[in-house]
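2 protein chains.
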Amino acid sequence: MNSLTLVPLHGIPEVGTGDVLASFIADAADEQGTPLQHGDCVVVTQKIVSKAEGRVVQIDPEDREARRRLVESESVRVLRRRGDSLIVETKHGFVCAAAGVDISNIAEGWAALLPVDGDKSAKRIRDGLRAARAVEVGVVISDTFGRAWRRGQTDVAIGVSGIAAMLDLRGSTDTQGRELVVTEIAVADEIAGAAELVMGKSAGVPVAVVRGLDPAWFHESSVRELIRAPADDMFR
Amino acid sequence: MNSLTLVPLHGIPEVGTGDVLASFIADAADEQGTPLQHGDCVVVTQKIVSKAEGRVVQIDPEDREARRRLVESESVRVLRRRGDSLIVETKHGFVCAAAGVDISNIAEGWAALLPVDGDKSAKRIRDGLRAARAVEVGVVISDTFGRAWRRGQTDVAIGVSGIAAMLDLRGSTDTQGRELVVTEIAVADEIAGAAELVMGKSAGVPVAVVRGLDPAWFHESSVRELIRAPADDMFR
Chain A
4 MNSLTLVPLH
14 GIPEVGTGDV
24 LASFIADAAD
34 EQGTPLQHGD
44 CVVVTQKIVS
54 KAEGRVVQID
64 PEDREARRRL
74 VESESVRVLR
84 RRGDSLIVET
94 KHGFVCAAAG
104 VDISNIAEGW
114 AALLPVDGDK
124 SAKRIRDGLR
134 AARAVEVGVV
144 ISDTFGRAWR
154 RGQTDVAIGV
164 SGIAAMLDLR
174 GSTDTQGREL
184 VVTEIAVADE
194 IAGAAELVMG
204 KSAGVPVAVV
214 RGLDPAWFHE
224 SSVRELIRAP
234 ADDMFR
Chain B
4 MNSLTLVPLH
14 GIPEVGTGDV
24 LASFIADAAD
34 EQGTPLQHGD
44 CVVVTQKIVS
54 KAEGRVVQID
64 PEDREARRRL
74 VESESVRVLR
84 RRGDSLIVET
94 KHGFVCAAAG
104 VDISNIAEGW
114 AALLPVDGDK
124 SAKRIRDGLR
134 AARAVEVGVV
144 ISDTFGRAWR
154 RGQTDVAIGV
164 SGIAAMLDLR
174 GSTDTQGREL
184 VVTEIAVADE
194 IAGAAELVMG
204 KSAGVPVAVV
214 RGLDPAWFHE
224 SSVRELIRAP
234 ADDMFR
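Protein chains in written order, with the numbering used here: chain A, 4 to 239; chain B, 4 to 239.
In isolation and in its complexed conformation, chain A is listed as follows (with noise of 0.2 Å):
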């Protein structure tokens, strides 16, 4: 295993309904001296997804009843309501509060939404880059969501493309040779929270770059790889 660089990209402007991520992306990276290479792996969180692709609403912040409506249509379950609180099963499968739906770091009066398909959104951004720049990159989509047990929030993938979602284990070994008990990584999850650490909430960084994964984990994989079937989930 070699090291890891996490590279946050600053200056990505302000983004809107068509914008073409990928060349913001690009830019931002020759900009600050750190153009992008084969093997980089892109993450990109959600709220810039969504706005490129219009997946933004108008909601008055302050009408509760529109914003469990507005949840509830994003939602193909509720699984748990405390006050105005819903943990939902999204109609991508996710477990999360509110369906995704978020009303920081966007214009006063407007809501972003999960984008449609988080790995389409994925490859739409690593195809831009291989056009922009002839560069062969994984893309990570991320999103912070909360988790039973533990307290925080975390960041995690809603969409890959050209990266491995999960890391199969099975049928490994381990120093001594006997086969592994811990047999399938979510390492798009950790290759979204990794890059949290450089982002900040507040500073409002929307990209980062992963630099140094194992070549091995770059082929095609999906999100719902990391998707638990709820008949397979001991706790929903």
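Take the hints with a grain of salt, since some may be wrong.
Derived pair list, reagent style DMTMM-like, types lysine to aspartate or glutamate, alpha-carbon separation capped at 25 Å [claimed, not checked]:
no., chain 1, residue 1, chain 2, residue 2
1, A, Lys-94, B, Asp-236
2, A, Lys-123, A, Glu-65
3, B, Lys-123, B, Asp-87
4, B, Lys-123, B, Asp-105
5, B, Lys-94, A, Asp-236
6, A, Lys-123, A, Glu-139
Quick caveat, the hints were computed from the structure, so don't treat them as lab data.
Starting from the structure of chain A, add chain B where the hints point.
Just chain B now, kept in the frame of chain A:
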């Protein structure tokens, strides 16, 4: 935000009861030409901490009943049971499979248990590094846990010293000057997961150095900040 670098430490020898991990870590860092620096965060996997602290027990790998008793003796509560697989709440308050009892990367016929107090384990290593090399670092003890809702495992923190477990953003504002909805980031879990990316399960690299974290995060803290009290947990 600046760049972050994660460096795996190779050359940590096989650890036994009573070994001083701080010496092993400081020596390994020096020998590979990346001596520890003020402001580094050292991530140490649970396995070598448990070995150094003698938190290992003999167990017949074929004796399922003995294994079940061992897991239950490390637990305060069994949350779910499916076949031989137990999801429990440990004495520390962690929710994980098999109470963290693990038979990988340890001699045949032995199992490693979680450290009794991960924060104390982290502090011992931190104090040892200060004594050995006059560096002030943060220390995170990590282990590999599953989670609800999402497939795959990720590394999370089971002990911290000198580094924030949680980043409290209450009262912080977004780029628009509005109060953030996301208010608590579990940075120690994100640091643990990031370190896993350079460790690898098969490679058996038990320590990584994270360089470049926000200096404001280096303060006293406890992994207990990451534990959701059962009464506040909607999913157990």
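Verification of the supplied hints:
no. : hint                    : in the structure
1   : A:Lys-94 <-> B:Asp-236  : 24 Å, holds
2   : A:Lys-123 <-> A:Glu-65  : 33 Å, violated
3   : B:Lys-123 <-> B:Asp-87  : 32 Å, violated
4   : B:Lys-123 <-> B:Asp-105 : 21 Å, holds
5   : B:Lys-94 <-> A:Asp-236  : 24 Å, holds
6   : A:Lys-123 <-> A:Glu-139 : 16 Å, holds
Violated hints, listed in ascending order, are 2, 3; each of the other numbered hints is respected by the structure.
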